[in-house]
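Here is what each chain is made of, one letter per residue.
2 protein chains.
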Amino acid sequence: MKVVALAGGVGGAKLVDGLAKILPGESLTIIVNTADDFDHFGLRICPDLDTVCYTLAGSANPNTGWGREGETWQAMETVDQLGGPTWFRLGDRDLGTHLERTRLLKEGKVLSEICHKFSTKWEIAARVLPMSDDRVATVVHSSEGDLLFQDYFVKYHCEPQVSGFYFEGVDSATPAPGVLESLLAADLVVICPSNPWVSIDPILAVPGIPGAINDNVEGKCVIAVSPIIQGKTVKGPAAKMFLEMGISPSAANVAVHYGSISSGGLLSGFILDTLDEDQQNAIHKLGISSHVRNTLMKTPTDRINLAEQVIEFGKLLLRDHKSAVS
Amino acid sequence: MKVVALAGGVGGAKLVDGLAKILPGESLTIIVNTADDFDHFGLRICPDLDTVCYTLAGSANPNTGWGREGETWQAMETVDQLGGPTWFRLGDRDLGTHLERTRLLKEGKVLSEICHKFSTKWEIAARVLPMSDDRVATVVHSSEGDLLFQDYFVKYHCEPQVSGFYFEGVDSATPAPGVLESLLAADLVVICPSNPWVSIDPILAVPGIPGAINDNVEGKCVIAVSPIIQGKTVKGPAAKMFLEMGISPSAANVAVHYGSISSGGLLSGFILDTLDEDQQNAIHKLGISSHVRNTLMKTPTDRINLAEQVIEFGKLLLRDHKSAVS
Chain A
1 MKVVALAGGV GGAKLVDGLA KILPGESLTI IVNTADDFDH FGLRICPDLD TVCYTLAGSA
61 NPNTGWGREG ETWQAMETVD QLGGPTWFRL GDRDLGTHLE RTRLLKEGKV LSEICHKFST
121 KWEIAARVLP MSDDRVATVV HSSEGDLLFQ DYFVKYHCEP QVSGFYFEGV DSATPAPGVL
181 ESLLAADLVV ICPSNPWVSI DPILAVPGIP GAINDNVEGK CVIAVSPIIQ GKTVKGPAAK
241 MFLEMGISPS AANVAVHYGS ISSGGLLSGF ILDTLDEDQQ NAIHKLGISS HVRNTLMKTP
301 TDRINLAEQV IEFGKLLLRD HKSAVS
Chain B
1 MKVVALAGGV GGAKLVDGLA KILPGESLTI IVNTADDFDH FGLRICPDLD TVCYTLAGSA
61 NPNTGWGREG ETWQAMETVD QLGGPTWFRL GDRDLGTHLE RTRLLKEGKV LSEICHKFST
121 KWEIAARVLP MSDDRVATVV HSSEGDLLFQ DYFVKYHCEP QVSGFYFEGV DSATPAPGVL
181 ESLLAADLVV ICPSNPWVSI DPILAVPGIP GAINDNVEGK CVIAVSPIIQ GKTVKGPAAK
241 MFLEMGISPS AANVAVHYGS ISSGGLLSGF ILDTLDEDQQ NAIHKLGISS HVRNTLMKTP
301 TDRINLAEQV IEFGKLLLRD HKSAVS
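Line by line, the protein sequences are chains A and B. The first sequence runs contiguously to residue 326 in our numbering. The second sequence runs contiguously to residue 326 in our numbering.
These are calculated hints, taken from the structure and not from any lab test. Where hints are given, some of them may not hold.
As the list claims (entries may be wrong) - Quick list of in silico lysine-lysine cross-link-like pairs, DSS-like style, CA-CA up to 25 Å:
1. B:K121 - B:K109
2. A:K106 - B:K235
3. A:K109 - B:K322
4. A:K235 - A:K315
5. A:K121 - A:K21
6. B:K117 - A:K155
7. B:K2 - A:K106
8. A:K106 - B:K109
9. B:K315 - B:K285
10. A:K155 - B:K121
11. B:K106 - A:K155
12. B:K109 - A:K121
13. B:K285 - B:K2
14. B:K109 - A:K155
15. B:K2 - B:K121
16. A:K155 - A:K285
17. B:K285 - B:K21
18. A:K155 - A:K21
19. A:K117 - B:K298
20. B:K21 - B:K2
21. B:K21 - B:K117
22. B:K2 - B:K322
23. A:K121 - A:K2
24. B:K21 - B:K155
25. B:K285 - B:K155
26. A:K155 - A:K232
27. A:K109 - B:K106
28. B:K235 - B:K315
29. B:K298 - B:K232
30. A:K21 - A:K240
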């Protein structure tokens, strides 16, 4: 079974970690949002790629979900002493990643090559791909004006009210090598419990990606895991964004956001939390099969359990597809 | 008494530290070589400026003479794991300086402004100036071809044989704000025991600087402290460079290198080590007054003692000048 996961940062990294623990490396490709990437202090920072890679490498900070285990903050202390900006916390170990990535980019390497090199060094078995080697930048239309994502997210703590999103550069971006091929060959595409607006939508906005997901509908299924439980998110501003966009934050509305394959959207399946069981009917009405279970990933075992359920649900849907076709 | 010191890295920083401890801040200006500066991992590194500033701030590593006290190496460990270059050791605390400097340069600030800001934050009383805000790069003509200074110095451990030096960009470089003014107003110019070829010569190659040093010859004296003791240097490749340039490495030949003011050179005075006392006569013949003493700076007290002798010698020479004129 060939599985492709679309992922943003912390929530996505957790599910992907579960998938990586139960699937052989060659069966799992992870396409990561890079529209959060930005330049800071002259270095290229790729928050979601690094969170996914650190998590898969087992070197993520288990307390924060982002950054690295055993991290120190000496460089930032110097920056602070010098009166520089410290709103984006760059740990010393983490800085090494940005230094070497920046050096390789300046040498003319592209992000997907660098990502492949780093994954190999970190002994990550799954294939991790940036959505694109081209620069795409999420701009948040907000009550404070247009904000670059990291400014909105980290500097302003997601406080400004959101009225829309724009992915600068996405129209001319091409999928990174391997992205379309892996989606075309996938049996199961998993949309991780990441922020639909700013983690998954940028990936889906890269020309060619939705088409590759929707190709070979009969032999493939697309399952999303809800990042919203009881109207709230575990982490991040997804629920707040739904509200400010005039949509009630709910698992069902995440399903509406992605749409059903039968109505020109993406989903054949949707996994929602046990606490949101009452929304199964609404999701069914969209023409999307649903599966209810505990989706909160507090422990490494939770990640594996959820990943197993995603795979089982995928197998079930694929079997249904095939029996429907035959 | 207004004192201006020309300095490179470790040796220069030690004498400058002694001078800073005995002179009021407003009496001391330090003009630092920036031809060793280079870009690494996308960051601007200024080794001599940082060595001078860390030393004056009391935060230099007392064991190495370069880098910072209490340094850690987490970023470099990451770079190493990723297969990146580690020949230039960037400590975590040190990295903060490069990050913030790079950020400010990208914001459009010039090096002298940044240096002023950092000096203020580090509570350095003396005025530290880069020789120029323009990029100048020392190129070493060597048996391995033309090498950028840091490649020669750090990457190749000074092993290639040297046949000459070239300061790329220096012809169009202008002295940083304050450099010419401080030299014109100086009573005493001190050429620190830094490498004549690659630490002091780049400063002297900036158009306008030699002229400003030689201006008002009667009211000023220029004293060099020999970086060579018994044909050797405490640190660095100066002696090796003299040899490879076909010149015997000796205190007297350092004096020849800078030349006497009476023969179109720079020096009115020269301080050499007690162990080289026999060379006083040769220096006298050049028309340069000399002073013999222990020049090795092993302890903080050695720095202060040498600085005091430099100042005393300077006062003596100035008195002689004045009595000769009157």
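Broken hints, numbered, in rising order?
2, 3, 4, 7, 12, 13, 16, 17, 18, 19, 24, 25, 28, 30
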